[in-house]
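Colleague: So you can see what is in the structure, the chains are spelled out below.
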Amino acid sequence: MNPVNYLYLACLLFTIGATGVLIRRNAIVVFMCIELMLNACNLAFVAFSRMHGNLDGQIFAFFTMVVAAAEVVVGLAIIVSLFRSRHSASVDDASLMKL
Amino acid sequence: MENLIALLVAAPLLGAAVLLCGGRALDRVGHLLGTLLAAGSFVIAVVLFSDMLGKSPEDRTFSQHLFSWIPVEGFQADVAFQLDQLSMTFVLLISGVGTLIHIYSIGYMEHDERRRRFFGYLNLFLAAMLLLVLADNYLLLYVGWEGVGLASYLLIGFWQHKPSAATAAKKAFLVNRVGDMGLSIAIMLMFTTFGTFAFGPVLDSVGDTSEGKLTAIGLMLLLAACGKSAQVPLQSWLGDAMEGPTPVSALIHAATMVTAGVYLIVRSGAIFNAAPDAQLVVTIVGAVTLLFGAIVGCAKDDIKKALAGSTMSQIGYMVLAAGLGPIGYVFAIMHLVTHGFFKAGLFLGAGSVMHGMNDEVDMRKYGALRKYMPVTFVTFGLGYLAIIGFPGLSGFFSKDKIIEAAFAKGGTEGWILGSVALLGAAITAFYMTRVMIMTFFGEKRWQPDAEGHEPHPHESPSSMTIPMIVLAVGSVFAGGFFSIGDRFLNWLEPVTGHDHGHAPISAGVVTGATMVCLVIGVGIAWLQYGRREIPVVAPRGSLLTRAARRDLLQDDFNHVVLVRGGEHLTRSLVYVDHTLVDGVVNGTAASVGGLSGRLRKLQNGYVRSYAVSMFGGAAVIVAATLLMRAV
Amino acid sequence: MSAQLAAYSTSTGEAFQFWILGTVAVIGALCTILMKKAVHSALCLAGTMVVLAVFYLANGAYFLGIVQIVVYTGAIMMLFLFVVMLVGVTAADSLKETIKGQRWLAALCGLGFGVLLIAGIGNASLHQFNGLAKANAGGNVEGLAALIFTKYVFAFEITGALLITATVGAMVLTHRERTERAKTQRELAEQRVREGKHLPPLPAPGVYARHNAVDIAGLLPDGTPSELTVMQTLRERGQIRDVSGEALSDLKALEQRSADRLERSDERAEEASK
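Protein chains in written order, with this note's numbering: chain A, 1 to 99; chain B, 100 to 730; chain C, 731 to 1004.
Here chain A stands alone, though its shape is the one from the complex (with noise of 0.2 Å):
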């Protein structure tokens, strides 16, 4: 097996990721799917990292984890207090414009 199949895995997850935060409604889930991206980058920059034979790569996927992570907290902080004026963690909800 070639390992750049581990890149071909990454680009479906990636769209899978962003597929999802495109149809789905709930803030959470859309967060997960944001996590999901990122997860898939990592995978590919693990895998780069396996094909130049250097550890860069994984420096850089080490990053984007602490980058998640901080996003993750705030972007979390975000939904509770949307929730609690809104009551609800839906992202059509936060529209206010007239159709």
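Just so you know, the hints here were simulated from the structure itself, not pulled from any lab data. Since this is a predicted model, take the numbers as computed values, not measurements. For each residue, glycine too, the CB sits at the ideal point set by N, CA and C. It is possible that some hints are incorrect.
Reference listing, derived: stretches of chain B covered by chain C, where coverage requires no fewer than 3 residues with Cβ under 8 Å from a Cβ of chain C [as the list claims (entries may be wrong)]:
{"#": "1", "stretch": "699-710"}
{"#": "2", "stretch": "713-724"}
Below, a list of computed lysine-lysine pairs in the DSS-like style, where the Cα atoms sit at most 27 Å apart [to be verified]:
{"#": "3", "chain 1": "C", "residue 1": "K864", "chain 2": "C", "residue 2": "K881"}
{"#": "4", "chain 1": "B", "residue 1": "K261", "chain 2": "B", "residue 2": "K154"}
{"#": "5", "chain 1": "B", "residue 1": "K700", "chain 2": "C", "residue 2": "K864"}
{"#": "6", "chain 1": "C", "residue 1": "K864", "chain 2": "C", "residue 2": "K767"}
{"#": "7", "chain 1": "C", "residue 1": "K830", "chain 2": "B", "residue 2": "K700"}
{"#": "8", "chain 1": "C", "residue 1": "K766", "chain 2": "C", "residue 2": "K826"}
Chain A is already provided as a structure; the job is to place chains B and C on it using the hints.
Modeller: For chains B and C alone, kept in the frame of chain A given last:
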């Protein structure tokens, strides 16, 4: 000496400025100041005239260049004056009759609290009229032309508290605007054709220009003349203009301003000489107006409106003569001057009668006034004899010459024009005799006025009678003085040129025919009004009489053709505007609105929709990157 | 496994592992986006992450594999579950699309994007795999540490600052300052009288109901559930268990049984059922 020319205009202009800006402080002396400045203008005119007489006929053209008005390359407009024999004639007439009427107005307007303003307007008129006849180019003439229009408007509407006067002023102004458009177009045509609008260069270079252009210019000038001189088809304002004070009717709407059209045609004689078609139209207009005014004058019971019809008719004579070319120019001007005397005198007489009759204007309520107003009777009677062409008086000489000239035109045209002029003479005799009989002879038909005051006819004060006497003297002797030894002809010939034409019948026959017409006209009038009792309430009359009372339906014609037509035109334009123009505009707005309404749906506020766009954009970028690499 | 072989191929064991676990990972990802309940989504995502951790380990990223399990699966997913619980664990999302055309567009974009990415990788010449044997020679953790504290030391420090900022941000976002004094019971009672609704205390749960659990609405005399009897938090989460239908069918069954026992006529029973 030539530097005095500007003073002719400046004196009344100064008077107008002082009187109109001076305020109530001048109420006591305003009329005297105005009269003094008008008289000053006349004195200067006399001085210049005597100076001119002292020179040989070739050197009698004075000119004065004041300043360059619009000094632009290729467009030279100057404020410059030209005083030749033609202008001199007008200047003397305007300032002389003007001064007399200023004096008359002192008495006539004595009880009007706005007398100072009246004199200011009169001075303004004098200044504008003198500017008109003294200008050495058409543009400056146009300034004077508009100035007299303004003064006429202000003076017709002087009693603006009367709705009829305000309306009449507006009507006069609007109808005059039509003519003014003609003059402005004529000036523009001149500028494009000749590159200038000064009299000298324009009239000298007529020979090098195509007849079509000259005909166009001539017709436009004729339109201007029709507006100012109340000729068919722009005649409708003159009758209503009698709403103004009588001195105004005498000065502006009988003696001077309405003759400006004749001046314009005679001054532009070179253009008309080279455009026979335009000349023919001029004669037709003159002949039609001659009969038109005369018929209207026969039917009017209002003394001033009867005289206004007469004015129209007499100016028709002048225009007819002016249209005859060099045969008639001199006689047109001669009739203009004599008419200035006797018509001003007649109007002043009418004003004097009204003054004594509680401002009553209906002749059916006059009668037997000769005993109560002897001076007015005598002066009015002399004016009457002059206008009908009684042998030896002014009108006889001038009108007879015009009729001769009309026959001398030659051919069928000459016969037709001459016959019309003869017929006009007969009708003139009829309606003037009618006025005379209804006013001064017969039984008293006096009626109390609206407030119940019985009229007490009395002779007017001397400030009014003296001008009447002076004008009556002019009416009697001016014609003879001008004609004996062809004085007037010799005086004007260097400017206008002269041609005897080919008279098919001798002058004696024409004079005889005129006398016969005169006798017939007077006789019919005497049969109808002198022998019978005159009813106080006008009888129904024939169809023609009724039409003539309505000014031969001129207002109805204007209403139906112009007002209704204009209304329909504007209505259809409004319709086009609403449907087509607004349709396009509103349609554009609606389509933009509709489009944005649909585009707005893209901004639906759903974060997921935006995410789709973003994701699609990312896909496009990836595709583009790959494509670039593939290429 | 020779170094040459490692350049373009992996061992059979790894291949086997990739195909099995890769399938699991894709299924987990699909379940994440397709499950109705957020809890299920979270669990599926956690499964996918664990699979990814295994892949990291297989790719020689030992440290990262462990961190993936500890930080992601352990901490971040826990945080997700915590928030899911806070917001409403049983509330099932409707997967019915409300925005017109959104689903089609999403599918189109996703498909296009995926095809493009895979095509891009397929076209790239990525057949030379160096392997991490050399880089990991001194130990994977030591190698990462050497890079983090030398080459990437500033980025590392800045991510630290980012974490602190995020922590403070989360606190600020979720913290509510009480700006006014809490109302006393007396004031609450007066307010209730002023507003004129629910003068008496709210009904307790379970009244007229078959159960007395807090999430079961009490039944009104006509058998419909009264939402007032469930506490506000549960109402807002939508966690009311509706037993009215159940109760009515129970009642009907009881009547049927008693009718059978008393041997009443069938017409009577039909009438009752009507």
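Colleague: State for each hint whether it applies.
Modeller: Here's how the hints hold up against the structure:
For the stretch 699-710 of chain B, the stated coverage by chain C is satisfied: 4 residues place a CB nearer than 8 Å to a CB of that chain, which reaches the threshold of 3. For the stretch 713-724 of chain B, the proposed coverage by chain C is satisfied: 7 residues have a C-beta within less than 8 Å of a C-beta in that chain, meeting the threshold of three. Annotation: proposed proximity of K864 of chain C to K881 of chain C holds, straight-line Cα distance about 19 Å (limit 27 Å). With a C-alpha separation of about 52 Å, the suggested pair K261 of chain B and K154 of chain B falls outside the 27 Å cut-off, and the hint is violated.
Distance check on the hinted pair: K700 of chain B and K864 of chain C sit about 57 Å apart at the alpha-carbon level, beyond 27 Å; violated. As the CA atoms of K864 of chain C and K767 of chain C are separated by approximately 46 Å, the hinted pair breaks the 27 Å bound. Using a Cα cut-off of 27 Å, the hinted pair K830 of chain C and K700 of chain B holds, with the two alpha carbons roughly 11 Å apart. For the given pair, K766 of chain C sits about 10 Å from K826 of chain C by alpha-carbon distance, which is consistent with the 27 Å threshold.
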